[in-house]
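There are 2 protein chains.
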Amino acid sequence: MTTIRDIAEALGVSVSTVSKGLNGGKDISDALRQTILEKAVELGYVNRKAIKAENRKLCIFIENISYESSGDFGYDIVLGYRQAASKEGWAVDIVRTTPSFQNEQKYDTFMLEHGYSGSFIMGFALEDPWMDQFMNTKIPTVLLDNAVPANPYVCYVGTDNNEGIDLAIEHLLKLGHEKIAFLNGSNNSLVSDQRMSAYLASLSRHHLPIDPALAVYGYYVADAAHYHVPNLLSAGATAIICGNDLIAEGTIESLKKEGYGVPEDVSVIGFDDIPTAEHTDPPLTTVHQDRLSLGRNGYYVLHAMLNQVAQSISLLRPSITLRSSTALARPRLVTDRVIDKDSVMYVNPELYGQKFR
Amino acid sequence: MTTIRDIAEALGVSVSTVSKGLNGGKDISDALRQTILEKAVELGYVNRKAIKAENRKLCIFIENISYESSGDFGYDIVLGYRQAASKEGWAVDIVRTTPSFQNEQKYDTFMLEHGYSGSFIMGFALEDPWMDQFMNTKIPTVLLDNAVPANPYVCYVGTDNNEGIDLAIEHLLKLGHEKIAFLNGSNNSLVSDQRMSAYLASLSRHHLPIDPALAVYGYYVADAAHYHVPNLLSAGATAIICGNDLIAEGTIESLKKEGYGVPEDVSVIGFDDIPTAEHTDPPLTTVHQDRLSLGRNGYYVLHAMLNQVAQSISLLRPSITLRSSTALARPRLVTDRVIDKDSVMYVNPELYGQKFR
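Line by line, the protein sequences give chains E and G. In terms of our numbering, the first sequence opens at residue 30 and continues consecutively. In terms of our numbering, the second sequence opens at residue 30 and continues consecutively.
These are computed hints drawn from the structure, not numbers from a lab.
Where chains are identical, the list cannot tell them apart; a pair therefore holds if satisfied intra-copy or between any two copies.
Here are the simulated lysine-lysine pairs, DSS-like style, with alpha carbons at most 27 Å apart:
(1) Lys116 x Lys167
(2) Lys203 x Lys167
(3) Lys86 x Lys116
Make the full structure from the sequences, and use the hints.
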């Protein structure tokens with residue numbers, strides 16, 4: 030195990046200088062402190078002070094996600110993380126980052142300098158400078174909805190997108206829908222790629238044909254819906270699952286503008302269950318991610334990693350929140366279809382009966 | 030929250046009778062005790078005594094896996110679980126089960142009767158009677174290498190098979206192999222299905238063609254290798270990844286019998302790194318599952334679930350243990366291939382140079 034003496038010898042400075050550099054002493058230059066921290070990281074130095082009960086500190090790094098007030102998407106995630114961590118004696122700091130902040134300091138040295146034993150990373154983009162550094166860090170690091178390959182010190186946490194998309198498709202099948210479109214977010218994020226794969230796999234599992242015209246990538250902005258919705262309708266969609274709730278809101282607006290009723294003509298399902306989802310018109314049926322649990326899990330995974338368990342992936346169970354943006358498929362759409370014994374087994378005539386008898 | 034009084038009223042017996050039934054009192058019949066336990070489970074009764082620090086008990090149910098001595102596959106898993114659990118104040122019982130044991134008692138009533146707060150399930154088969162009961166249990170339950178859909182009280186833990194197969198394929202690509210076969214275990218287990226998908230996905234990611242003759246299911250017995258190995262060789266395989274170490278051992282035997290040298294003629298990789306893998310001839314290169322960590326993770330996932338986090342999947346990072354059953358591909362096999370810019374980018378000429386210059 031690397032000691033302060035090893036660092037001092039490697040740099041040709043005194044032990045007390047290294048100690049000042051590592052522990053925030055005042056009378057050394059910033060440049061020297063940085064050199065000491067970087068050498069310490071290079072040699073794999075672990076600050077044992079940080080492990081003592083009275084110094085236990087974790088850090089949440091946030092980018093692109095609001096968390097300050099209770100209506101914000103990140104609020105419950107941060108709250109859940111803090112709750113779980115403080116219950117087991119950890120203080121938690123929150124640091125907002127930007128790409129330029131990440132360019133200015135290295136992740137490992139920042140962590141060592143501030144005595145953090147591990148971190149939780151929220152809202153980072155694939156091109157963020159620290160994402161590359163996470164490939165090789167030796168500090169336990171938990172990424173929300175992001176993954177890096179092979180590093181045993183880094184784990185990806187999120188919600189089980191396969192199960193989430195399955196819940197949406199099974200809900201629509203019970204309502205008699207057969208032409209179910211998927212309007213996804215942008216195609217350069219881990220989560221939207223997983224949701225697209227999940228959509229294709231779920232259709233196969235339910236013996237439904239895959240129509241490329243019904244499976245499209247948009248962007249993570251509601252506006253994208255305006256371009257795609259008319260095409261999905263031309264391709265025969267009676268229901269549209271959206272890659273996230275913002276796209277679903279845009280989809281509902283587009284449908285109304287084109288003269289379609291939601292849910293009478295077309296059903297719409299979102300993903301995430303963000304705080305505004307219950308205030309759309311109609312209120313949005315959506316796959317629910319439990320944000321408090323996402324935060325708590327961020328801590329529990331770190332807890333396992335701090336106990337030498339190299340987790341790779343940890344996913345939560347989603348649920349589906351049923352509101353008013355989904356309804357029975359219009360009967361004409363059901364009678365129009367080509368009858369095929371295998372593909373109609375899920376159509377429950379009693380459901381039609383309820384509405385149309 | 031259901032109380033003892035609720036159970037007593039539902040059954041028309043006294044509160045003290047119910048208390049005896051739930052807490053192992055002697056002077057009631059077994060039949061009545063069973064009725065009381067089943068009603069308690071039906072009403073969602075939680076034994077608060079079991080949550081008190083001095084009574085904290087967990088259970089490991091084991092089937093089909095040996096764990097009694099240090100050479101057994103299950104030994105380190107059980108040890109890791111016990112270590113992590115006891116560190117946080119839990120006693121752990123181990124119960125060996127059989128299908129008939131499972132038929133005789135219901136899972137939930139067994140757990141309630143013995144005051145267990147959660148369990149870890151090792152080695153169950155898909156057709157085991159309790160697998161159905163896990164679909165609806167409300168007792169936190171962690172399944173090793175098994176999954177049930179949608180139940181927020183049940184989580185699947187294991188090793189990341191995608192990453193494991195990727196490690197094997199990348200190791201072989203660096204050695205110049207192009208025709209890499211996959212001889213899997215039986216096709217009715219979660220793990221072998223995942224390993225097959227991982228194999229196909231990894232080939233695609235590396236721009237290698239998929240040849241159905243190179244991707245076959247055997248069974249979880251070494252003997253299956255004898256039937257499959259000649260076919261894999263006819264299809265041009267220079268390396269065989271096996272779905273588990275036992276199949277790899279059988280594969281090495283078959284190759285020798287057919288007059289092929291391992292690794293000079295054909296490279297072989299296993300999966301699991303069971304205790305005997307280092308004693309095969311030649312010693313087996315294999316994807317390593319860290320069994321101590323698998324056990325520890327079983328506990329840490331339960332810890333999260335006991336804190337209201339509904340985990341669905343929790344996977345560990347694998348690594349690859351390099352021994353002597355893999356080597357550079359024979360040069361003739363390299364020169365035989367059709368040259369295609371995209372598919373040869375991974376062939377590192379320096380590696381050939383080392384051996385053949």
